[in-house]
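Colleague: So the protein lines, in turn, are chains A and B. Using numbering that gives the first Met the number 0, you'd call the opening residue of the first sequence number 0 and step up by one each time. Using numbering that gives the first Met the number 0, you'd call the opening residue of the second sequence number 0 and step up by one each time.
One or more hints might be untrue.
Label-pair ranges, simulated between beta-carbon atoms [as the list claims (entries may be wrong)]:
(1) K50/A x S1/B: 55 to 61 Å
(2) T86/B x E55/A: 56 to 62 Å
(3) L117/A x S1/B: 51 to 57 Å
(4) F153/B x M61/A: 33 to 39 Å
(5) A310/A x A292/B: 32 to 38 Å
(6) K305/A x S61/B: 39 to 45 Å
(7) P247/A x A7/B: 33 to 39 Å
(8) L300/B x A313/A: 53 to 59 Å
(9) K50/A x A292/B: 26 to 32 Å
Hints were generated in silico from the structure; no laboratory data involved. Heads up, the beta-carbon is just placed ideally off N, CA and C, and yes, glycines get one too.
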Amino acid sequence: MKKLIKMMLGAVVAVGVSTTAYAADFKPAVVYDMGGKFDKSFNEGVYGGIKRFIDETGVEVMEFEVTNPAQREQAMRRMVNRGATVVLGVGFAQADAMDKVAADFPDTKFAIIDVNWLDRPNLRQYAFKEHEGSFLVGMAAALASETDTVGFIGGMDIPLIRAFACGYVQGVKHAKGGVDVLQNMTGTTPAAWNDPGKGAELAQSQIDRGADVIYQAAGGTGIGVIRAAADAGKFAIGVDSNQNHLAPGTVLTSMLKRVDVAAYETFKDAMSGDFDTGIRILGLAEGGVGWALDEHNESLITAEMKSQIEAASADIVAGNIQVHDYRSDNNCPR
Amino acid sequence: MSEFLFQALLTLDGTVRVATPLILCAMAGMFSERSGVIDISLEGKLLVGAFVAATIAYFTGSPWLAVFCAIGASVLVALIHGFACITHRGNQVVSGLAINILAAGVTVVVAIALFRQGGQTPILDRGDRFGPMEFWFVETLDPIPMLGAVYREFISGHNPITYLALLVVPASAYLLYRTRFGLRLRAVGEVPAAVDTAGVSVAWLRYRAVLLAGVLCGIAGAYLSIGQGAGFVPEMSAGKGYIALAAVIFGKWRPVPAFLACLMFGFLEALSARLQGIDLPLIGEAPTHLMLALPYIMTVLLLAGFIGRASPPAAIGVPYTK
Chain A
0 MKKLIKMMLG AVVAVGVSTT AYAADFKPAV VYDMGGKFDK SFNEGVYGGI
50 KRFIDETGVE VMEFEVTNPA QREQAMRRMV NRGATVVLGV GFAQADAMDK
100 VAADFPDTKF AIIDVNWLDR PNLRQYAFKE HEGSFLVGMA AALASETDTV
150 GFIGGMDIPL IRAFACGYVQ GVKHAKGGVD VLQNMTGTTP AAWNDPGKGA
200 ELAQSQIDRG ADVIYQAAGG TGIGVIRAAA DAGKFAIGVD SNQNHLAPGT
250 VLTSMLKRVD VAAYETFKDA MSGDFDTGIR ILGLAEGGVG WALDEHNESL
300 ITAEMKSQIE AASADIVAGN IQVHDYRSDN NCPR
Chain B
0 MSEFLFQALL TLDGTVRVAT PLILCAMAGM FSERSGVIDI SLEGKLLVGA
50 FVAATIAYFT GSPWLAVFCA IGASVLVALI HGFACITHRG NQVVSGLAIN
100 ILAAGVTVVV AIALFRQGGQ TPILDRGDRF GPMEFWFVET LDPIPMLGAV
150 YREFISGHNP ITYLALLVVP ASAYLLYRTR FGLRLRAVGE VPAAVDTAGV
200 SVAWLRYRAV LLAGVLCGIA GAYLSIGQGA GFVPEMSAGK GYIALAAVIF
250 GKWRPVPAFL ACLMFGFLEA LSARLQGIDL PLIGEAPTHL MLALPYIMTV
300 LLLAGFIGRA SPPAAIGVPY TK
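Here chain B stands alone, though its shape is the one from the complex (with noise of 0.2 Å):
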């Protein structure tokens, strides 16, 4: 039982892991869908985060560094997004398209030009990236029976994005719905015209949110490449601005229930990984391809019978004209 008990705790411990890019895009999402913009293009802005944080990683040894730049690339791409979406009242959806595939395709091109390694980078050392925190007194607790295993494993040895993509929800939380920018961004998403009339600007308010949204799926890029992987992969972002997307939905565009949905599809992902091939009691070896279904298919069960109305702000999608 103790045996099931610590299998059970290294699942929430993968759980943490794979939900820390989700995390940080779904409050992106978030801020950005609030005022009003829908971001499809939180899956490119996190690749070229990625690819800029792994290449300046390379270049200087530093992943501070790194972090830095690939923030500076992901708003830059969301000030393209802006730009076409708040600027020029383009269709916010064909804008987060294009700049996925733009995104996709400009990083394998730099990549190949600087590195000839068939759109990868270089495999970064251990120096050059974020490795896992030990904190203190692990040594201390460790003979202590259940806390010094959950201290030791569950607590402790993250890497340093994932404390932070931890502390960015309620940090979120409380710019939502505890300041006075968090309160005007919600209403430029709901009513703009209302925030236009006190006389507050809708464009600025949209760019802060997109702009927002664009600093942290950079950190979730650099998580990608130079915090839980070392190097980038062309497509290495696999969906996952999309599942943050719909974990935002499923929380209702709200920091918290979204945080918790980040959450859910974190614990599907490491538990399908560590049910594969193992015998099941009653079932007996599950197939590998409902395992690997079992995130998808808990989805669609989920959103079917939990969630209830969604509903989004109201002027979402629409691009604000006096």
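Excised from the complex, chain A in its bound form (with noise of 0.2 Å):
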């Protein structure tokens, strides 16, 4: 460790005396939010970005995964006394102590996913253009759909969760007209990320009404949503992180949340003494959502649906299509 961090110093000092002191005591720490880190979604996307990170550059990360919702704050706060300098915090669930640990140690630099609404000047913020991603498998759905009905299945009805299934929405209007989307939410309490048998059963009644692929944005939930969908010979899509393999054959695709990319590059701007503050959004175009294509479902994305999928993502990144985010008006077209 000793010769390393004498190493990084040398690399340091080369490229510029004013950051060497900073980037001497480089301590990144990362606070994952409940799940853990291994949860097959979000928390394991962030874990995948700091891996890359140890990977390359050698550097320790100090980590902690909180189990219940009093310890986010006390984590973060023993992070920075540990002698953290640059604090990742995982999760929209975690922005009012992110906020108020921010503002105690205003020397100290932090970052937090998933949150665009807090203002500290040492505060980094990544937000996603997920009804980008939404718009994509959305017109996977209207594609792969036989009885022309999909669903939508979310969690917590928040603005997020609205933003989900808006872009969900747009993207099947886009692919093909006259398809029927039928939306249900979960409940509106956190509990209902962690619901498997509502998310089956919503799933059912969606299937019962005609649809034949539903999208899930619903955490813990969707996984009912998805076996539903297996078992009944129909498409469930997934959502964050690559859900393919979860029922091989019958999940579609997955609208892909790359969180890894938000922790890779915090820790490695922090390190580079390039770390600037403010709201960071990453859409399709700077590869920050996207759709999950690989050996589990490559035999249900056609060559046609490939190609009008990309053909749409190109135009998205090139501003031709605008997705219009539910999030900025409180409102989704029709």
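With the hints as a guide, bring both chains together as one complex.
Modeller: Here it is as structure tokens:
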């Protein structure tokens, strides 16, 4: 470790004197949220980015996995007290804790993923254009549907999840006119993220009404959606991380949210001294969202579907297609 | 119109699916409370049962063995409750609440230790869990209008545990009203001193009731994780134990009314899933929040309007001291 710091020091001195002191005691820390770093979803995505950073730089990263909401703020404070120079928070649920801690330690750098409404001079915030990724999987759904009815199941009814739904609907309409989109939200409390039984029941109710492709943005509840779709021989669409492997052959694709990119970039920038604060929004153009194509679903995506989705993706990046963000005006165009 | 009837049928079908764990838990709660032991811990037992069932099913691939182990685990939890409330005369609400908190924590901790997936178990393959049971003659009866559809969608094609739950209700009623055990059980919840005077052990009777509740909750838990679902997710019981408890009170601590209350909760839940985002006649599209709150609003209305005075067993919540 000592040798490594010396090496880093040498490298940094070569770059410029101004960053020397900073990089010499560069100590990154990450606070994972509930679910833990191997949750096969959001946190694990972040872990992927952290791991890449560790593998490339050899820098040690302090980490903590909170197991109840009260630990969030504590964990962040402890990280700073243990000498962390940059602290990464994961998920919008940590926003309040991060806001307080960032205010109390103005000399420490902070970054948080999935938040864009805080205002601290030492805080970088990452938000994603989930609506753009959802647009693409909406196209996949419309093109794969034989009944011309597709479904969406959200977790907790919050603007973020409405944005998923809204992007999805736009994608469906873009790919094919006259396709119905059934929409359900699981609940209005955080318990809505962990109710696979209800997810399965909602999926079944949509299948009963004719849906044959169902997109879920519902955390643990979504596992029930994928299961119900698989049992009924219909398609489901995964979310956040690549969930194609959860039920190979019946998960049409997954909407990818590249939180790993945000995590990697945060520490990399902090290390090199280019850590600028403010809000960073990652969309299709930045590689922050996308759709998953791998060995589990390559037989489900036809060449024609692929080319159409890729064309739309290029159009969105080029600005020829504007995907409306529900959060911009709390409304979804019909 | 026939489309409407078909959707109504599918809603009823959903009702039974949703109500299954409620029915089992309500019967569990009824036995326990009829013996005089308040059972808040239905939720915790349900969660432990769900976790153990998913874990055993994952490692052995046998859903039947998984149910068996889920029952065992749930009974163990019930024993803790019994030990605290019956043997040591502790406060029954506190003990039940403690068990719920314990269950929520322990299941996640053990799941993280075993699987490293943030408290979930891996998703189970189709063969490792209970699938729908297709009945005979579905194909034969299918051409018959109405009856064919009713048979195919409503009668056939449920989970084995669902059928079991439907059998548990008459069995519970029989046990409670037609057997010596049932008579004593009811007596011990009303006037335990009389039972004691008759030379029957109050503690042993109550233990048996609590253990019976453990067995039923274990089966309900297995339904959540390896019947209706395909794996364990933290806190997946999602308040079903409490809803079942409400159904017990709703049904005035009697098996058939409690069963009907469970069906009502199930129906409202299935209905609210289907009414979201649909244009209703006269009202237009109802807001999501209203539809999600519908089961609870109806519960309050029905509870206030229809049930009348609920009279609990006289000795409920009172530890027996000679």
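Colleague: Does each hint hold? Answer for all of them.
Modeller: Results of checking the hints against the structure:
no.: 1; hint: K50/A x S1/B: 55 to 61 Å; in the structure: holds (57 Å)
no.: 2; hint: T86/B x E55/A: 56 to 62 Å; in the structure: holds (60 Å)
no.: 3; hint: L117/A x S1/B: 51 to 57 Å; in the structure: holds (55 Å)
no.: 4; hint: F153/B x M61/A: 33 to 39 Å; in the structure: violated (57 Å)
no.: 5; hint: A310/A x A292/B: 32 to 38 Å; in the structure: violated (43 Å)
no.: 6; hint: K305/A x S61/B: 39 to 45 Å; in the structure: holds (41 Å)
no.: 7; hint: P247/A x A7/B: 33 to 39 Å; in the structure: holds (36 Å)
no.: 8; hint: L300/B x A313/A: 53 to 59 Å; in the structure: holds (54 Å)
no.: 9; hint: K50/A x A292/B: 26 to 32 Å; in the structure: violated (43 Å)
Hint compliance for this structure: hints 4, 5, 9 are not met, and every other hint is.
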